[in-house]
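Asker: Read off the chains here:
Number of protein chains: 2
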Amino acid sequence: MEYYEDMAVGDVTEYGSKTMTKAEIIEFATKYDPQPFHVDEEAAKGTMFGGLAASGWHTAAVCMRLLVDGVLRDQASMGAAGVDELRWKRPVRPGDTISVRVEVLEKEPDPNDPSRGRVRSKLTGINQDGDAVISWEGLGLVERRDSAHGEAQ
Amino acid sequence: MEYYEDMAVGDVTEYGSKTMTKAEIIEFATKYDPQPFHVDEEAAKGTMFGGLAASGWHTAAVCMRLLVDGVLRDQASMGAAGVDELRWKRPVRPGDTISVRVEVLEKEPDPNDPSRGRVRSKLTGINQDGDAVISWEGLGLVERRDSAHGEAQ
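Protein chains in written order, with this note's numbering: chain S, 1 to 153; chain C, 154 to 306.
Be careful, since some hints might not be right.
[Unchecked claim] The calculated DSSO-like cross-link candidates involving lysine-lysine, where the alpha carbons are at most 27 Å apart (straight line), are:
(1) Lys89/S x Lys260/C
(2) Lys122/S x Lys198/C
(3) Lys198/C x Lys175/C
(4) Lys171/C x Lys122/S
(5) Lys198/C x Lys89/S
(6) Lys31/S x Lys275/C
Simulated from the structure, these hints should not be mistaken for laboratory data.
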């Protein structure tokens, strides 16, 4: 289990991957983001995307899944307050394969809760060509080892 | 159709609503955010959430759907570059009903593309008790009316 103390500013890890299918792109967007360029392959050709592209929120959700599988399952994560500077950098197309890279930017003890620390990390979603498709800075909360040990005493 | 010229800083609009069911919360999180507090009602009781709560990305996606239905269908939207300061402010529980409020914060012509403008808007997702559950600042791109008319000439 990775605790707050185990994380160091500058740590970079890479995880993945997930291939986005046309059916999944349309299914997600039909529920949550039914704009023509996300749900209708023909109509999408006449838009600024020039063809079907995944909802940016779908791309974010897929990156979250890669983060859970690659990082959070083995981390004493206590959730996140939010994310800053989420940017959709490039369309994600059917057949694109996404992986994620996570870099620890900053860490500090939580001044309001001694049981945990705050960790700011930059997540970048990268396609099969090595191009960034999305990025954000996550504001994670991670349990401190001392706190976890304390509970057992 | 609402163009860039029709939007004014300070405009506030409210839309909604969508009730989050337990089945939808578990279905979304099983695919995209399978942490115990989002997928397992029993396990969630022992976490900082004290019970099942929607993935923050699910809450964001639901707000996006309300935004599409309430705003974007009638707006000359050209997508968004991203969002800033996304914050999960309060857990969303099964049975919670979410609506959204959108306030226009800033607008300016896109210096790189005369056909469109940049509009920064604050979206707040609000539950049935009137409490904010999520907020973000969206960086939207909206077509200019002059540009749309120009195309037809």
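Asker: State for each hint whether it applies.
Answerer: Here is how each hint holds up against the structure:
no., hint, in the structure
1, Lys89/S x Lys260/C, "holds (21 Å)"
2, Lys122/S x Lys198/C, "violated (30 Å)"
3, Lys198/C x Lys175/C, "holds (15 Å)"
4, Lys171/C x Lys122/S, "violated (31 Å)"
5, Lys198/C x Lys89/S, "violated (38 Å)"
6, Lys31/S x Lys275/C, "holds (22 Å)"
The structure is inconsistent with the numbered hints 2, 4, 5, although it conforms to all the rest.
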